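Listed in order, the protein sequences are those of chains Z and E. What the first sequence shows, in the working numbering, is residues 124 to 399, in sequence order. What the second sequence shows, in the working numbering, is residues 65 to 383, in sequence order.
Since the hints were made in silico from the structure, they are not lab data. Just so it is clear, the structure is predicted and the values come from calculations on it, not from any experiment. It cannot be assumed that every hint is accurate.
[As the list claims (entries may be wrong)] Derived CB-CB ranges, DEER-like:
id : chain 1 : residue 1 : chain 2 : residue 2 : range
1  : Z       : Q219      : E       : E105      : 58 to 68 Å
2  : Z       : T189      : E       : I131      : 58 to 68 Å
3  : E       : Q381      : Z       : L372      : 37 to 47 Å
4  : E       : Q118      : Z       : T189      : 54 to 64 Å
5  : E       : K372      : Z       : G188      : 31 to 41 Å
6  : Z       : A198      : E       : R81       : 38 to 48 Å
7  : E       : G155      : Z       : K157      : 42 to 52 Å
8  : Z       : V200      : E       : P330      : 28 to 38 Å
9  : E       : K215      : Z       : E310      : 17 to 27 Å
Ideal Cβ placement from N, Cα and C applies to all residues, glycine included.
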Amino acid sequence: MTWFKKKETPSQADKSADVLWSKCNACQEIIYKKELERNFSVCPKCNYHFPIKAQERIAVVADEGTFTEFDSTLAPVDSLMFRDLKKYSERIAEAQQKTGLRDAFITGRCEINRLPAMVGVFDFDFLGGSLGSVVGEKIARMVEKAIDEKMAAIIFTSSGGARMQEGIFSLMQMAKTSAALSLLRRERLPYISVLTDPTLGGVTASFGMLGDVIVAEPGAMIGFAGPRVIKATIKADLPPGFQRAEYLLQHGVIDLIVGRRTLKATLGKLLGFLYQ
Amino acid sequence: MVKHYLDFEKPLMVLEREYEELQRFAPRNDPKVSARIERLEKMIAKEREDIYAQLSPWQRTHLSRHIDRPHTLDYIHLIFEDFMELHGDRGFMDDPAIVGGFARLEGETVVVVGHQKGRDVKDMGYRNFGMSHPEGYRKALRIMELAARFKKPIITMIDTPGAYPGVGAEERGQAGAIARNLREMASFPVPIIVVVIGEGGSGGALAIGVGDKILMLENAIYSVISPEGCAAILWRDGSKGSLAAEALKMTAADLLRLGIIDEIIPEPLGGAHRDYHVVAAHVKEAVVRNLGALKDVPEEKLLADRYKLFRRMGTFQEK
Ligand SMILES: [Zn+2]
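Here chain Z stands alone, though its shape is the one from the complex (with noise of 0.2 Å):
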């Protein structure tokens, strides 16, 4: 059985070989699909996490069938008539119909190893998982909820950082998301954040930071500015392993590395924690 259920599509039952088989982005490694998936998209010769999906995370640490979404009718409107090679409108309904998201963020409630949450989480595959309006309203309704039923908060992230589509709205999602995180602190309730790769810019310097208990996982990219920024700035070549998971940890940046496959279990042990 499959972690995550996958709708059956025509050309998933074609049987190419890009379709049975992927390969590592680490280790180069052809592994076959249905084990990758069976390993919650985690590569079991270097533990490279694959990049999931939004639905695949929630299928990850959420009990089946609890998770109930919220506000799925938000999208974004190009409100500033942005327009760079593309117009901005443009690029929301491409990246509408790739992801059949409105979004880049999807939220709601579920239980985690019976214990209820309110959960966010970021979705790459639509503009780079770029913060804008709907993401930040989602968000601020997400912690009000969590507010209103007394139960904490969980958001898992995977962003390039702002989107500059939306100009200062984009910018003043960091301002609108750590309010609400300033409510749900002065409640004493719980706000977990869960970085995966990548995580970057005005989402790492808002709610990406701001848990309470702060889960990375394993290899994730988390930082400020970009690597290629610093290199560009410094002039010189950066140090082995920077930005990643495992230097944060030993810099004291984040709490905990959690591999996916254990990622439901501690978040569970956590919530036990906070909660009781």
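Here the structure of chain Z is known, so what remains is to put chain E with the ligand in place on it, guided by the hints.
Relative to the frame of chain Z, chain E with the ligand by itself:
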């Protein structure tokens, strides 16, 4: 006297330089000189009107970063009395890219915090071009916590290209330092006035930018990313900064229209650097007036209103 001119000010420079030279060196009672001076005055006035009446976002970007533009310490000395600078984050170092401390404003004790850029090459290096390390944000937080505890209003001044992107900054938790400031500023039970005085660069600016009233100087900018950075990513060409500056909607007028800031503080024609005293007087008036309006607001309402202010920011649809 203006020391440095921007590219688009070159026609004005020619006139102003001649005018200054005549004023200083030409014989006073020569009627030809007086006529020329009179004519120059008219030409300068017209040229100023022409250049500054319709500044593009890109031109304002350059004005906001003007090397002669007044910085936080200039405003502090022109607006407040008895400023006492406090130093250090109590953990690692004193970050000169952010300054802060106690001061008096019309007799009342206040706390002031701001990014500090340098003036000459040496000073710019010392101030790291106003780009703070985590310790700068932690120092700011420490000083603002004093304000919260001793019930003093907070005034912050934003003027930074952004938080410093460096190895040490990342190792010591740059993102976490910014994040904690955002969260804590949302909950300080004292009035907070934010003034964007120059460059409002991204999260490094916002890290001292959560407050009850957000004021912005006429030629300041405030943006999620620098126009050059945005151009490099979205246009794949860092030289397309002028296009990005238009698209990002980062001028004071844009941000007032978008409901992000509360008020635009006027600058002297040609920019704040043309008259420190005039611009400082405008800033002082706006800060005093806005603080006055918040003075008697009960704590709970102050915090609820501040939450609402940021809570409503963003645009989306529900369909
Ligand atoms: Zn592998």
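Each hint tested on the structure:
{"no.": "1", "hint": "Z/Q219 - E/E105: 58 to 68 Å", "in the structure": "holds, 60 Å"}
{"no.": "2", "hint": "Z/T189 - E/I131: 58 to 68 Å", "in the structure": "holds, 59 Å"}
{"no.": "3", "hint": "E/Q381 - Z/L372: 37 to 47 Å", "in the structure": "holds, 41 Å"}
{"no.": "4", "hint": "E/Q118 - Z/T189: 54 to 64 Å", "in the structure": "holds, 59 Å"}
{"no.": "5", "hint": "E/K372 - Z/G188: 31 to 41 Å", "in the structure": "holds, 37 Å"}
{"no.": "6", "hint": "Z/A198 - E/R81: 38 to 48 Å", "in the structure": "violated, 56 Å"}
{"no.": "7", "hint": "E/G155 - Z/K157: 42 to 52 Å", "in the structure": "holds, 50 Å"}
{"no.": "8", "hint": "Z/V200 - E/P330: 28 to 38 Å", "in the structure": "holds, 32 Å"}
{"no.": "9", "hint": "E/K215 - Z/E310: 17 to 27 Å", "in the structure": "holds, 24 Å"}
The structure shown violates just one earlier hint, number 6.
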